[in-house]
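K.L.:
Construct the complete structure from the given sequences, taking the supplied hints into account.
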Amino acid sequence: MSNYDEGRRLIFVGGAPRSGTTLLQNILDSHEDVAGGPEFDNIPEIVRLRDRLQKSISNGRTGIFRSQGEVDAHVCSLIEGLLLPFADERKKSFLSEKTPDNVLVFNQLLKICPKAKFIFVIRDPRAIIASLMEVGKKAAALNVAAGPISRHVPDAICHVQDCFKAGFDALRFAPDRILPVVYEELVADPEGRTKKICGFLGIGWSRDMLRPGEKPHAGEAGLDGVFYDSKTYYRNIEKSEVDKWKGKLNSLQIVRINGAFKDNGDLNRIGYEFTDADISWPVRFFSQAVTAGGSLAGRGISALMGIPPIKNLARRTVLTVRRLSRRYA
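Under our numbering, the first residue of the sequence shown carries the number 1, and numbering increases by one thereafter.
One should not assume that every hint holds.
[Stated by the list, open to error] Within a straight-line C-alpha distance of at most 27 Å, the following computed BS3-like cross-link-like pairs (lysine-lysine) qualify:
1) K196 x K111
2) K262 x K244
3) K262 x K248
4) K239 x K138
5) K92 x K115
Simulated from the structure, these hints should not be mistaken for lab results.
Everything numeric in this text was worked out from a predicted model, so none of it was measured.
P.N.:
If you want it as structure tokens, here you go:
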């Protein structure tokens, strides 16, 4: 605990996977004062252990050993001890830890590391989910196991919603310690946005941040050929990725994602619009049945099941809807 510094040198980057957190990490790592390594992965697990410790103290079982404040101080010291040697070896003032799921524990980390800074990366959820589905396709082509969020749109929607909720909740709780970085704004105005990032971190701006693809990054050690390969990892800031989702998602998927996020006030205030105006009404109607996992169509058809002449047709229709539900999920 002698070197405990309340997380003063730590920068936690988080956001939904495929939201631009890797680009942001490479931008930070291009600054002479910041070290950014591969995804550490385990911060959320450490925080969950902390949560269990805090709960046991609240329940009156283990408070005799340590107070809740002391637990947080020890956990912060543990995190610093695990991460800061990487920065020290490179003579860097700050360590940026980028694991997308960090965003899910931002609220706890704000308390655990009271002097740390946080960056919350935000992107159009349609672009995020389109990119996740591409990851799933790459994994399948390489015969590599992929999680459900990169194989099924409904699972991806749920996870992205969780990430947005956690990030925006934390932002409302501590707006002075969390900087929201909108991917589309970053690639449209890289100089302006990177200067804002540096101002938030209290460091001078470096032009090297505009060319992250031209500098080596220790994060390369985590490349697996699925989420990134060397070519896609070492990219400079570019606008070409902003609208690619339009050619990667089918109409049913777009309607489904729009429906999930259209009432998200935080995204609406940023300027994201989730309209189905360009999509035909039959597709919109069918997507509602798909969204319900086929249950909407199943309920409507079940009323017909007692009529013998169309009993078999009704059954076949239900099966068709369910197959299409799985196909477009």
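K.L.:
Taking the hints in turn, state whether each one holds.
P.N.:
Hint by hint, here is what the structure shows:
1. K196 x K111: 24 Å, holds
2. K262 x K244: 20 Å, holds
3. K262 x K248: 20 Å, holds
4. K239 x K138: 23 Å, holds
5. K92 x K115: Holds, at about 17 Å.
Comparing the model with each numbered hint stated earlier shows that all of them hold.
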